[in-house]
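Please take these sequences and the hints and turn them into a complete structure.
Anchor point for the sequence shown: position 73 equals 72 in numbering that gives the first Met the number 0, and the numbering is continuous, going up by one each time.
It should be emphasised that the hints constitute simulated quantities derived from the structure, not laboratory data.
Okay, the calculated beta carbon distance ranges per label pair:
| no. | residue 1 | residue 2 | range |
| --- | --- | --- | --- |
| 1 | T56 | N76 | 15 to 23 Å |
| 2 | D184 | G135 | 37 to 45 Å |
| 3 | R140 | T56 | 31 to 39 Å |
| 4 | K118 | D184 | 14 to 22 Å |
| 5 | D136 | Q109 | 20 to 28 Å |
| 6 | N101 | Q181 | 16 to 24 Å |
| 7 | G63 | N123 | 13 to 21 Å |
| 8 | G135 | L183 | 34 to 42 Å |
| 9 | S103 | S67 | 17 to 25 Å |
| 10 | K64 | I173 | 22 to 30 Å |
Simulated crosslink set (DMTMM-like; lysine to aspartate or glutamate; CA at most 20 Å straight-line):
| no. | residue 1 | residue 2 |
| --- | --- | --- |
| 11 | K106 | E125 |
| 12 | K124 | E105 |
| 13 | K124 | D184 |
| 14 | K59 | E96 |
| 15 | K115 | E130 |
| 16 | K166 | E96 |
| 17 | K69 | D53 |
| 18 | K69 | E170 |
| 19 | K115 | E105 |
| 20 | K69 | D184 |
| 21 | K64 | E96 |
| 22 | K166 | E130 |
| 23 | K69 | D57 |
| 24 | K150 | E96 |
| 25 | K115 | E170 |
| 26 | K150 | D184 |
| 27 | K115 | D164 |
| 28 | K124 | D154 |
| 29 | K150 | E130 |
| 30 | K106 | E96 |
| 31 | K59 | D167 |
| 32 | K118 | E105 |
| 33 | K100 | E125 |
| 34 | K100 | D154 |
| 35 | K124 | E96 |
| 36 | K69 | D167 |
| 37 | K64 | D154 |
| 38 | K115 | E125 |
| 39 | K115 | D136 |
| 40 | K150 | E105 |
Since the model is a prediction, treat every value here as computed from it, not as a measurement.
Here a beta-carbon is modelled for each residue, glycine too, at the ideal position from N, C-alpha and C.
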Amino acid sequence: MDKFKQVLIILTALSILTSSCLFYQNQNLQKKISQLSIQPSPSPTSFPETPSADPTTDWKLYQGKYFSFKHPQNWTNNTSNNLEVIGLRISPNALFETSYKNYSYEKGVQSFADRKSSKLTISNKEATRFEMTGSGDILPRNSSIISFVVKGIGDTSYSIVFNGDQKDITEQLINQILSTFQFLD
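And the structure:
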């Protein structure tokens, strides 16, 4: 029995030693966990949400035989009974006009040859932008005439013109209107 007591004492001692080690490790682990939870974590940076809504949603739609586009609700109609010419008053000092022409894109571009120009695409159609800025002589200061000639089918073209005070005709407005154009030829 002596041997049995010795084995029992050794097993008890090992059990106490193992329990003590596990208890000590558990205490250290809990300290580390509590230190981690106390340290402030960086808060996620919140960015203002960019509006995904279409800014032209509440605009009026002009639907004609040759083209359609959207424009702000407050523009007043200055359209004559002419074949596919629409004129809209942007403000007392600014006008917008677009028309379907029975002459070629090349002739339309030549008629503005003296103005600053750049090529672009409007609704998948080849186009050229022409710009004339007022210097006080013929065109008043702070005024501009921005014209677009858009290639149609065959010997046809479209003309889009913004004419007036630069504060009423912004690049953002021009781009928004051009993005709504649909050519129906």
